[in-house]
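Since each chain comes alone in its own frame, lean on the hints to assemble the complex.
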Amino acid sequence: MKGDTSEEKDLLPRDQIFTRPFEQRFLSWYRRVFSINEVEESLVLKFFFGAMLFVFFLGFSSWMGSRAITLEAFKSGSYTCWPYFQSCGEWYFLSVIPYGYSQTILYMAFFGAMLLIVSLMWKRDWVLAHMLMMILFVWEVLLLLVLTGGLSGNYDYYHIFLTFVLLFVPYKMFFLKLVFVLFYFLSATVKIDDGWILGSYFTALQTGLPIFPDSVAPLVTNMVIFMQVIGAWFLMSKNKVYQRVALFYFIVFHLYSGILVQYRYPATVLPALLILFGPLYQYTKVPLVKKTLAGWLLVILLCIFQSIPLLISGDHKTTLEGNKYGFYMFEANHQCISDVAIYNKDGSVATSTSESILARNRCNPYDRWFQMNQLCQRAEDVEKIAWTFDHSINGDPFYRIVDEENVCNLEYKAFSHNEWIKTPEEGAEVIGYPVKNIYR
Amino acid sequence: MEELEITKNILVLSGLEGNDEITLNLLQAWLVNYVDLIAMFWWVIWLLVVLLMVLKHVVLPLLRKVR
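Protein chains in written order, with our numbering: chain R, 405 to 844; chain W, 234 to 300.
So that you can see chain W by itself, here it is in the shape it has in the complex (with noise of 0.2 Å):
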């Protein structure tokens, strides 16, 4: 613990003073081994939005509106 500390440099900036040290809860702990996975889910649910309100409400009735 006390060699964590001497490696671990802790800038506390003014008016920080007393203030806990950041460590991640249990979720987090768990979580932090796939953010790179969940981010990549929620861009991919994104691009889906969008590409099914484009298809949807722009192309699909312009299409029908051509024919």
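Excised from the complex, chain R in its bound form (with noise of 0.2 Å):
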């Protein structure tokens, strides 16, 4: 037996190709301080691992043609930072194809790590693979949360956070159990609203709430909430038949929501809750020892992050100030309309106006002040700007939001209420009703 382990070891690529002490040496330091033994002693965490690589390859394929953090976006302005690291495009560094090759280059090479994470599994090398792992997290992170604030949605960050507990926490099992958990849990923070405790985000879609009547809306969405506050926490329960009710209800909801969202949510969220809460299931103990720091501090800035937008005064619901620091999903249903006059120095005037039908898309008057930011700061010709911002929420009336003289004297806060935009209770005026709009 003792034989047989020895043999196997010498067959592991990394034994094949770092031969040198100090090489050996850091390998067992790197599988020791990753805690990396976890992930080659649970069928579950190898599964998971596996899961997770399929979430890398479904992003980045969606990321790999996108102009979002390309040179051409930034030369053209129309590109969009987070608030708190406004000038990201000056990073910019990739072309994409019609104008380069750079971006694909580098996502091709992402590819032949996938490739190779996938073969360093089935030979059973999980230091390497985490290794590469890293690679693909890296960028994720540096892309979705430095890089670019136009890419991310809900879904990525349960990938980056799940994946971070499974690459770099110890007790890997019982923090992704609770972090997932903890999604939910979270989540339910932007549904204690009107628009899901009386169901008018649905009610306000012109197809309504899929499969059920509009007349009972409101018991199917405060169900959610229950669900999310109390159900979630069932999912880690000793009680066979309390987890599988719950694992039940999620699995269910995640299929239910899919009719909305397509597939890419479902795709990231239900392999995950299949592995760690689906037949493998084993109840885990909550770990209470030094070790665990780290987890316990994720989850504390997993709470921290979802606090923000509930701490930046007024609705943010309204003015989405802080929406994305935490779970955002379905916060709200939106309908928007931009109004822009843009005063040349020659006396010359253009003006616009943009309207969004779109229940999912955001309405956030950051990325359109972003926008005309670039423009006052690029523009010589541009003397003003001046702008009116109407946003209605779940079919509540338009307010005017934003209604100023001139966006180039404008500056955005990130982690505070910018006097600028006006909520109801400011004084932000109804200047009319909505009909119902569309989802998509």
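A portion of the hints provided could be inaccurate.
[Stated by the list, open to error] Quick list of the computed label-pair ranges, beta carbon to beta carbon: (1) W:V299 to R:V437: 24 to 30 Å; (2) R:V437 to W:V291: 24 to 30 Å; (3) R:V834 to W:V291: 43 to 49 Å.
[To be verified] One-sided and incomplete, this derived list gives chain R residues near chain W with beta-carbon spacing under 10 Å: (4) D597; (5) D598; (6) T607; (7) A608; (8) G799; (9) N841.
Derived by calculation from the structure, the hints in this document are not laboratory data.
Even for Gly, the Cβ is constructed at its ideal location relative to N, Cα and C.
Dropping the structure here:
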């Protein structure tokens, strides 16, 4: 038996490639620091590793052709930074087809890394697989949380935090389960308002709530709040019946919500849900030892991120301030109208109106401001830009939340309320009422 | 009815022509009076769950360990 183990160890690719003593010492240090033995010993974590790799593939395949972080986007001013890093465009260095090949070269290198990870998983070399996945992870974080504010979806947060736990946190099994349940629990905080208590998010859609009649919308939406606040915790239960009922509910919930959000969200969440809480589920005791500090810190950080929009004064569903710092899925059904008048130094005026009718399009004043601010900084012939922005959520009236003479004088604060964005409580005027809109 | 249409400025954005006006259904019309109360109820439950989880699974086991 002992002979078998050492033979198997000899076959590991890392032992064949890295033969020098200091390389071996580094590999064993790396394996210990990132608790990779936990993955080696657990079928659930091995499956989970594969599921996270699959989500990398999904994400990277959609970002590969995106212009979001390209030099072309920077030159044309058609990019969006996070409010906390508004100079992100200065760091862009990639070009995408038809302007260049660098971005697709990079992503094909990532594709090669993904293939290699599959091969390493097959050969049970979880250390090298971990190292390569870390490269994918660093790029994902850099791309979605640093270089652009325009690409990330809520499902990417799931992937980023779950992969973080899988790669870096000891007691991986417990913290994967806890963080997953916490996602539901924290997501409930954006649902505790009119849109979900009355179900008006869905009844303000022309097509209404999928499958169920609009007359029972509040029952369905409050059931979701109940399950996210209370039911989700039973996923981690010792009691098999409660655990299975909770699992069944959330499987159905994701299949149902997929009717609206389509494949990407359920493809990210359902494999993780099934692997952690499905047939292989075993109750995991809460670990309270020093080694769990990183995991508990992550839990606290997640709670802090989620509280940011709640701590910024004003209704963040109207102002969208801090909205994306935490989970924000289905926070409100949006419609908006943006009227812009660009006054040039030669006395000419160019006006434009843009409207958004899509419930899921966030109508974030920051995004519009960011685009216009680019124009203020770059176009020498622009004297000033006047702007009004009317926003309706969940079928409520359109409020004029921005009415500014000159956008070029405005700044956007990332972590506090911007006085130039008015809430109804701050006197934003009602300018009209919406009709039912559409989801896309 | 005519007067209501004059005072209520309906803004139909392009692409939404012909869509219905937004009205509350019976259940919503009843619930709308209690939205703040229900929101407070959910927040209280949310906080109670936090307290319960932290106490039951973290604080008490740690206290037991210290003893």
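Going down the list of hints, with the structure as the test:
1. W:V299 to R:V437: 24 to 30 Å: Once the Cβ atoms are compared, 29 Å apart, the range 24 to 30 Å for V437 of chain R and V299 of chain W holds.
2. R:V437 to W:V291: 24 to 30 Å: holds (25 Å)
3. R:V834 to W:V291: 43 to 49 Å: holds (47 Å)
4. D597: holds (6 Å)
5. D598: Since the shortest Cβ distance to chain W is 6 Å, the answer is holds.
6. T607: Status holds, d = 7 Å.
7. A608: Hint on A608 of chain R: holds, closest Cβ of chain W at ~5 Å, below 10 Å.
8. G799: Holds: closest Cβ of chain W sits about 4 Å from G799 of chain R, inside 10 Å.
9. N841: Constraint on N841 of chain R satisfied, holds at 6 Å.
In terms of the numbered hints stated before, the structure departs from none.
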